[in-house]
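Novice: This is what each chain is made of:
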Amino acid sequence: MPDLARRFVAIVSRLAPGAARREFRAEWEAELATDPTFARAAGALPDAWFLFRQQWSFAMLMQDVRYAVRLLARRPAYTALVLLTLALGIGATTAVFSVINGVLIRPLPFPAPARLVTVWENDRLNLKPRYPVAPANYQDWRAGNHTFEQLAAYVDGGAPLAAPGAEPFHANVVVATTNFFETMQVAPLLGRTFGEAEGVPPRHRVLVLSFAAWQSRFGADPGVVGRTVQFGEMPYQVIGVMPRTFTFPIRDTDAWRPMAWTPAMTTQRAQHFLAVVGRLRPTATIDEARRDLETIAAAAQRAYPATNDQRGTTQLPLAEAIVGDARRPMLLLFAAVGLLLLIGIVNVANLMLVESAARRREMALRAALGADRFRLFRQLVVEGLLLSVCGGAAGLLIAAAGTRSLARIAADYVPRMQDVRMDAGVLAFAAAVSLLTGLCFALAPALAACRTDVQHDLREAGRGTVGRSRRLRGALVFVELAAAVVLVIGAALVLKSFWRVASVAPGFATTGVLTADVELSRRYDKDAIVNQFYVDLLERVRALPGVTGAGIVNNLPVGGGAWTAWLTIENAPKPAGEPPEVGYRAASPGYFAAMQIPVLEGRGLAESDQPGSLPILVVNRALARRFFPNGSAVGARVRLGPNPKAPWLTIVGVVGDIRHGGPETEPLPEAFRPTYQDVNGDMTLTVRTTGAPESLVSAVRGAVRGIDPSVTLWRVRTIEDVMDEHLAPRRLAMLLIAGFGALALALALLGIYGVMSYTVAERVPEIGVRLALGADPRGIRRLIVGDGMRLAIPALIAGVAVALGVTRLARALLFDVSPTDPATFATVVVSIAAVALAACYLPARRASRVDPLTAIRAE
Amino acid sequence: MPYTTYPSTLVLHAIADGVRYGFDIADRTGLQTGTVYPALRRLESLGYVRSSWESERIARREQRPARRYYEITRAGTDALAAGRKRFENLGRLSPGQRHA
Numbered sequence: 000m001p002d003l004a005r006r007f008v009a010i011v012s013r014l015a016p017g018a019a020r021r022e023f024r025a026e027w028e029a030e031l032a033t034d035p036t037f038a039r040a041a042g043a044l045p046d047a048w049f050l051f052r053q054q055w056s057f058a059m060l061m062q063d064v065r066y067a068v069r070l071l072a073r074r075p076a077y078t079a080l081v082l083l084t085l086a087l088g089i090g091a092t093t094a095v096f097s098v099i100n101g102v103l104i105r106p107l108p109f110p111a112p113a114r115l116v117t118v119w120e121n122d123r124l125n126l127k128p129r130y131p132v133a134p135a136n137y138q139d140w141r142a143g144n145h146t147f148e149q150l151a152a153y154v155d156g157g158a159p160l161a162a163p164g165a166e167p168f169h170a171n172v173v174v175a176t177t178n179f180f181e182t183m184q185v186a187p188l189l190g191r192t193f194g195e196a197e198g199v200p201p202r203h204r205v206l207v208l209s210f211a212a213w214q215s216r217f218g219a220d221p222g223v224v225g226r227t228v229q230f231g232e233m234p235y236q237v238i239g240v241m242p243r244t245f246t247f248p249i250r251d252t253d254a255w256r257p258m259a260w261t262p263a264m265t266t267q268r269a270q271h272f273l274a275v276v277g278r279l280r281p282t283a284t285i286d287e288a289r290r291d292l293e294t295i296a297a298a299a300q301r302a303y304p305a306t307n308d309q310r311g312t313t314q315l316p317l318a319e320a321i322v323g324d325a326r327r328p329m330l331l332l333f334a335a336v337g338l339l340l341l342i343g344i345v346n347v348a349n350l351m352l353v354e355s356a357a358r359r360r361e362m363a364l365r366a367a368l369g370a371d372r373f374r375l376f377r378q379l380v381v382e383g384l385l386l387s388v389c390g391g392a393a394g395l396l397i398a399a400a401g402t403r404s405l406a407r408i409a410a411d412y413v414p415r416m417q418d419v420r421m422d423a424g425v426l427a428f429a430a431a432v433s434l435l436t437g438l439c440f441a442l443a444p445a446l447a448a449c450r451t452d453v454q455h456d457l458r459e460a461g462r463g464t465v466g467r468s469r470r471l472r473g474a475l476v477f478v479e480l481a482a483a484v485v486l487v488i489g490a491a492l493v494l495k496s497f498w499r500v501a502s503v504a505p506g507f508a509t510t511g512v513l514t515a516d517v518e519l520s521r522r523y524d525k526d527a528i529v530n531q532f533y534v535d536l537l538e539r540v541r542a543l544p545g546v547t548g549a550g551i552v553n554n555l556p557v558g559g560g561a562w563t564a565w566l567t568i569e570n571a572p573k574p575a576g577e578p579p580e581v582g583y584r585a586a587s588p589g590y591f592a593a594m595q596i597p598v599l600e601g602r603g604l605a606e607s608d609q610p611g612s613l614p615i616l617v618v619n620r621a622l623a624r625r626f627f628p629n630g631s632a633v634g635a636r637v638r639l640g641p642n643p644k645a646p647w648l649t650i651v652g653v654v655g656d657i658r659h660g661g662p663e664t665e666p667l668p669e670a671f672r673p674t675y676q677d678v679n680g681d682m683t684l685t686v687r688t689t690g691a692p693e694s695l696v697s698a699v700r701g702a703v704r705g706i707d708p709s710v711t712l713w714r715v716r717t718i719e720d721v722m723d724e725h726l727a728p729r730r731l732a733m734l735l736i737a738g739f740g741a742l743a744l745a746l747a748l749l750g751i752y753g754v755m756s757y758t759v760a761e762r763v764p765e766i767g768v769r770l771a772l773g774a775d776p777r778g779i780r781r782l783i784v785g786d787g788m789r790l791a792i793p794a795l796i797a798g799v800a801v802a803l804g805v806t807r808l809a810r811a812l813l814f815d816v817s818p819t820d821p822a823t824f825a826t827v828v829v830s831i832a833a834v835a836l837a838a839c840y841l842p843a844r845r846a847s848r849v850d851p852l853t854a855i856r857a858e
Numbered sequence: 000m001p002y003t004t005y006p007s008t009l010v011l012h013a014i015a016d017g018v019r020y021g022f023d024i025a026d027r028t029g030l031q032t033g034t035v036y037p038a039l040r041r042l043e044s045l046g047y048v049r050s051s052w053e054s055e056r057i058a059r060r061e062q063r064p065a066r067r068y069y070e071i072t073r074a075g076t077d078a079l080a081a082g083r084k085r086f087e088n089l090g091r092l093s094p095g096q097r098h099a
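In order, the protein sequences belong to chains A and B.
Using numbering that gives the first Met the number 0, read the first sequence as starting at 0 and increasing by one per residue.
Using numbering that gives the first Met the number 0, read the second sequence as starting at 0 and increasing by one per residue.
It is worth saying that the hints were derived from the structure and are not from the lab.
Backbone N, C-alpha and C define an ideal beta-carbon position, used for all residues, glycine too.
There may be inaccurate statements among the hints.
Unchecked claim - Just a sample of chain A residues kept apart from chain B, beta carbon distances all over 10 Å, derived:
| no. | residue |
| --- | --- |
| 1 | Arg39 |
| 2 | Phe532 |
| 3 | Ala635 |
Claimed, not checked - Heads up, incomplete: computed chain B residues facing chain A, CB under 8 Å, no partners named:
| no. | residue |
| --- | --- |
| 4 | Phe22 |
| 5 | Ser44 |
| 6 | Gly46 |
| 7 | Pro64 |
| 8 | Ala65 |
| 9 | Arg66 |
| 10 | Arg67 |
| 11 | Tyr68 |
| 12 | Thr72 |
| 13 | Thr76 |
Whenever a hint applies, use it, and build me the whole structure from the sequences.
Specialist: What follows is the structure, given as structure tokens:
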């Protein structure tokens with residue numbers, strides 16, 4: 000028993016700081032000499048714990064902090080370098096995290112958002128799991144389900160909207176069932192939302208304005224509720240204004256209006272155009288909802304086989320449906336920035352190691368004067384934390400600026416960007432990252448300091464690093480360089496993809512064209528009136544100075560929608576299943592010329608293609624090649640659409656392929672109908688100019704107003720803008736990753752350069768001796784560079800190995816480049832090896848110029 | 000003047016009464032050693048008590064390890080007076096009472 004008690008005291012005495020440990024044991028030995036029971040000895044534990052804690056007293060901590068501040072102030076270059084590295088690393092990581100926090104983590108700004116579910120039809124026949132919903136199917140779901148509190152449907156649309164006496168503007172107006180706001184559970188800021196009776200015509204002519212539209216178009220007038228406005232030329236009453244935070248389902252919603260539920264809708268199962276969002280009952284799960292709706296859909300399949308064959312349902316939490324494809328690239332970006340932070344930490348740890356090696360004498364002196372190891376350890380940790388807290392504070396400034404600009408730049412194409420801001424979660428993240436960072440990079444030198452051999456260090460402080468510390472630094476440089484290789488390879492792949500996308504010829508002019516969407520008013524209800532308007536418009540626009548061509552099309556490439564239709568070829572064998580589907584657009588004469596789409600065979604669209612003349616069609620090369628592989632398509636007759644009685648259309652020409660879905664999509668078989676034979680109301684105007692397209696905007700608006708002031712022109716953009724908007728997400732991802740890659744590389748090179756410089760400085764005496772004994776300066780250079788490359792080459796190999804494994808995760812960001820593209824890998828490796836060589840060569844050159852005499856004398 | 004806890008005040012009281020080393024203080028106050036020692040450390044760091052090791056010679060003669068003796072300082076006496084006022088029932092637990 001006495002032995003046990005004594006051993007216990009010996010063990011807990013390890014807790015007591017070194018300086019007090021001997022006395023602590025002596026006192027407790029005395030205690031045990033009087034009463035050697037274990038119960039007595041147990042008191043040693045709180046005693047030792049007290050002594051241990053006392054070391055962390057606030058006053059002592061402040062003393063450490065003051066000491067650290069003095070030390071750091073004495074080395075401004077080192078301090079600034081460390082702070083800059085940390086601020087950049089922590090700032091970039093926090094900025095990316097704040098985006099992820101806003102887009103992926105923060106709940107949607109609706110009450111109980113987890114209960115909101117998006118529902119689609121699942122078209123199993125055509126493998127389209129997220130298909131818009133037919134009205135009658137929606138009505139079945141809404142009436143028959145047992146799992147949803149509310150199930151609302153909506154469709155987005157738009158029309159000119161005008162306050163009395165004001166110019167009409169194009170308003171994005173969401174048409175929604177009357178239970179839409181109840182489903183979202185959002186109350187209006189002013190007035191009210193839809194009443195149930197407003198789903199029945201003619202009482203449906205009411206509007207709820209969005210906050211943005213209320214501010215910008217109605218001067219934030221609180222008296223707007225109750226006012227009558229012109230919407231699509233019909234009078235509508237404004238009944239409410241929604242709060243700023245509510246913009247569902249699209250960011251630039253101007254207003255919501257109730258869907259008029261006509262008797263025809265209750266039987267409509269063939270036309271699919273509704274989006275559906277539901278709120279689950281508090282007790283229901285999404286799986287129960289799935290089974291529930293599937294039961295209803297199965298009944299409809301049996302009851303309406305013509306329209307509902309193999310049509311099921313698809314459910315997804317609303318948050319997931321909104322974020323969609325943004326998740327992957329975002330997490331990748333986070334991984335990239337995390338890697339950058341790691342490199343930053345390693346770099347700082349390295350700097351600190353070099354510093355601490357230089358401070359070994361100081362440490363040894365303090366140890367000799369009675370500081371215990373723990374005290375030295377703590378001093379270094381405090382120093383690290385101080386640096387990381389200051390770096391983190393600076394990083395927060397960078398993050399705030401970065402978050403703001405990211406949110407602004409990406410608002411148009413990343414969902415929920417308006418929710419991105421620095422909130423408490425982001426601040427907590429930044430604080431945690433800073434503290435962890437501080438601990439990480441302070442630990443290596445702090446542990447090294449704990450191993451201080453006082454006598455050795457006091458004697459030999461002038462003489463370079465202990466082997467272990469040098470190995471540690473080598474390991475850090477290895478990690479850093481390998482991580483940089485991974486990041487730079489990733490960045491290079493993304494860069495190459497962007498270059499590939501940007502250099503694809505899309506098949507149409509990407510400069511010198513002005514585009515604008517034309518929105519006709521209700522007056523244009525007959526084909527002849529519509530045609531006359533566009534004939535007049537094109538005539539006026541073509542007469543404007545600087546205009547070399549103009550045309551209209553129903554769906555602009557890249558930005559516009561895309562229609563498809565079944566293609567039936569005259570006298571061709573009937574295909575077994577459904578007829579093939581081809582792209583289908585309506586365009587006017589002059590459109591091909593304005594967009595510089597070449598006519599390869601036959602002719603393009605002409606003014607002579609009028610409603611009464613021969614029904615014709617122009618096809619693209621992809622269509623001609625696929626369906627007329629052995630001869631010319633010109634002269635053949637085809638039918639578009641499902642109607643077997645529709646007239647045959649004669650193909651009169653073949654035009655070049657157009658990548659309508661953007662440069663990264665393959666051109667699809669496509670047909671163009673003359674707009675005068677296939678009349679669409681709203682079209683997009685394309686104007687080819689000799690000068691800057693923007694300079695024509697007011698002249699084109701004037702031309703429209705000259706014909707009919709009730710016609711609105713909106714989305715007026717140059718074709719560059721259209722292309723830019725399409726490429727913007729890819730460009731942003733590229734710029735960010737390239738930026739991270741460049742920073743990572745710079746840091747890693749700084750790391751290897753620092754280590755080599757330090758090694759050289761350490762080895763000056765040795766090099767001096769070598770030179771004095773007749774070594775060749777070239778040999779010295781080779782020696783030093785060889786040392787550096789022995790560090791760099793394994794890191795390069797490891798980096799490449801890791802990159803081979805992880806770049807496939809970045810496939811979503813790549814285009815026409817394999818994730819293991821050998822050319823990219825080789826280029827990156829050779830370039831990094833070259834710069835690493837340069838980073839080693841500079842210290843090597845310094846080494847070879849050492850004056851042997853000075854070096855030896857310095858000993 | 001820093002606040003002294005009830006156990007610390009008891010310990011101070013015992014030392015003022017002439018009880019001089021850890022084991023004895025624990026015995027006379029009835030406090031656990033795990034309370035007495037941290038209290039002693041704290042009182043010493045506050046400057047209320049000071050300690051000295053008895054000479055090795057005495058310890059050897061008595062065939063036991065050397066003891067650490069504590070004595071109260073002037074500041075400690077003031078602190079004890081303030082503590083007494085705060086914990087008025089201190090007298091009832093004064094040294095020796097437990098064994099009386």
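Novice: Each hint needs a verdict: does it hold in this structure or not?
Specialist: Each hint, compared with the structure:
no.	hint	result
1	Arg39	6 Å, violated
2	Phe532	90 Å, holds
3	Ala635	100 Å, holds
4	Phe22	5 Å, holds
5	Ser44	7 Å, holds
6	Gly46	14 Å, violated
7	Pro64	4 Å, holds
8	Ala65	6 Å, holds
9	Arg66	5 Å, holds
10	Arg67	5 Å, holds
11	Tyr68	10 Å, violated
12	Thr72	19 Å, violated
13	Thr76	24 Å, violated
Against the hints set out earlier in the document, violations occur for numbers 1, 6, 11, 12, 13.
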